[in-house]
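Mind docking chain B on chain A? Use the hints.
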Amino acid sequence: EDQVTQSPEALRLQEGESSSLNCSYTVSGLRGLFWYRQDPGKGPEFLFTLYSAGEEKEKERLKATLTKKESFLHITAPKPEDSATYLCAATVGAGNMLTFGGGTRLMVKP
Amino acid sequence: EPEVTQTPSHQVTQMGQEVILRCVPISNHLYFYWYRQILGQKVEFLVSFYNNEISEKSEIFDDQFSVERPDGSNFTLKIRSTKLEDSAMYFCASSEGTGTGELFFGEGSRLTVL
Numbered sequence: 659e660d661q662v663t664q665s666p667e668a669l670r671l672q673e674g675e676s677s678s679l680n681c682s683y684t685v686s687g688l689r690g691l692f693w694y695r696q697d698p699g700k701g702p703e704f705l706f707t708l709y710s711a712g713e714e715k716e717k718e719r720l721k722a723t724l725t726k727k728e729s730f731l732h733i734t735a736p737k738p739e740d741s742a743t744y745l746c747a748a749t750v751g752a753g754n755m756l757t758f759g760g761g762t763r764l765m766v767k768p
Numbered sequence: 100e101p102e103v104t105q106t107p108s109h110q111v112t113q114m115g116q117e118v119i120l121r122c123v124p125i126s127n128h129l130y131f132y133w134y135r136q137i138l139g140q141k142v143e144f145l146v147s148f149y150n151n152e153i154s155e156k157s158e159i160f161d162d163q164f165s166v167e168r169p170d171g172s173n174f175t176l177k178i179r180s181t182k183l184e185d186s187a188m189y190f191c192a193s194s195e196g197t198g199t200g201e202l203f204f205g206e207g208s209r210l211t212v213l
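From first to last, the protein sequence lines stand for chains A and B.
No gaps in the numbering here: position 67 of the first sequence is 725 in our numbering, and each next residue is one more.
No gaps in the numbering here: position 82 of the second sequence is 181 in our numbering, and each next residue is one more.
Straight-line distance between alpha carbons at most 20 Å, and here's what the computed EDC-like set of lysine to aspartate or glutamate pairs gives:
1) 715(A) to 201(B)
2) 156(B) to 201(B)
3) 141(B) to 660(A)
4) 141(B) to 697(A)
5) 156(B) to 659(A)
6) 700(A) to 201(B)
7) 141(B) to 667(A)
8) 141(B) to 158(B)
9) 156(B) to 660(A)
10) 700(A) to 206(B)
11) 141(B) to 703(A)
12) 141(B) to 728(A)
13) 717(A) to 673(A)
14) 141(B) to 659(A)
15) 700(A) to 100(B)
16) 700(A) to 143(B)
17) 177(B) to 143(B)
18) 767(A) to 675(A)
19) 717(A) to 201(B)
20) 700(A) to 102(B)
21) 721(A) to 201(B)
22) 737(A) to 716(A)
Simulated from the structure, these hints should not be mistaken for laboratory data.
Here chain A stands alone, though its shape is the one from the complex (with noise of 0.2 Å):
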């Protein structure tokens, strides 16, 4: 069975102290692995999507690292507003069938 798993569950920091945040996944034959942000009360958001090991993607304070069995999401200097639930999700097959990770609320404090 296809399984994305997200650590830690939550993880609070100070206004500026970087961090990352783990996303493991057990799939038979990965074809894409994607991160999604979530305000309270919304629909996920959009980050990154990453297609093999060894690729990087960066926006803005994150960067998203993928190896051949887990991914990572980079912070960098974290402000407040990046507080959110970040999620993992990975596909399969061709299409958008996404199985997400149960996610990592961050919380940043000023």
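Positioned in the frame of chain A, the structure of chain B alone reads:
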């Protein structure tokens, strides 16, 4: 900025009733999806829809569920004979293409079954 809109934002229904959740995808998108999130649990795929037919569906999407694109703009999810365990946030999403994982989600419809 174009967005996916969903109605209603919250619906309360009695067990056994039928509900229809509505979505207006982004206008030039061709692929449409329903996902759901039970409180405190993962976001789960229900169904994808392309060219007026279901392209993929999960085990959750059984005969109780159906989807329809009744006109050129709306995309609906019908849940027949609702059960308590159908209580969840239902998210509609759309995408230009397939395989990219870049889905645009609506804000969700919260369904409460009593």
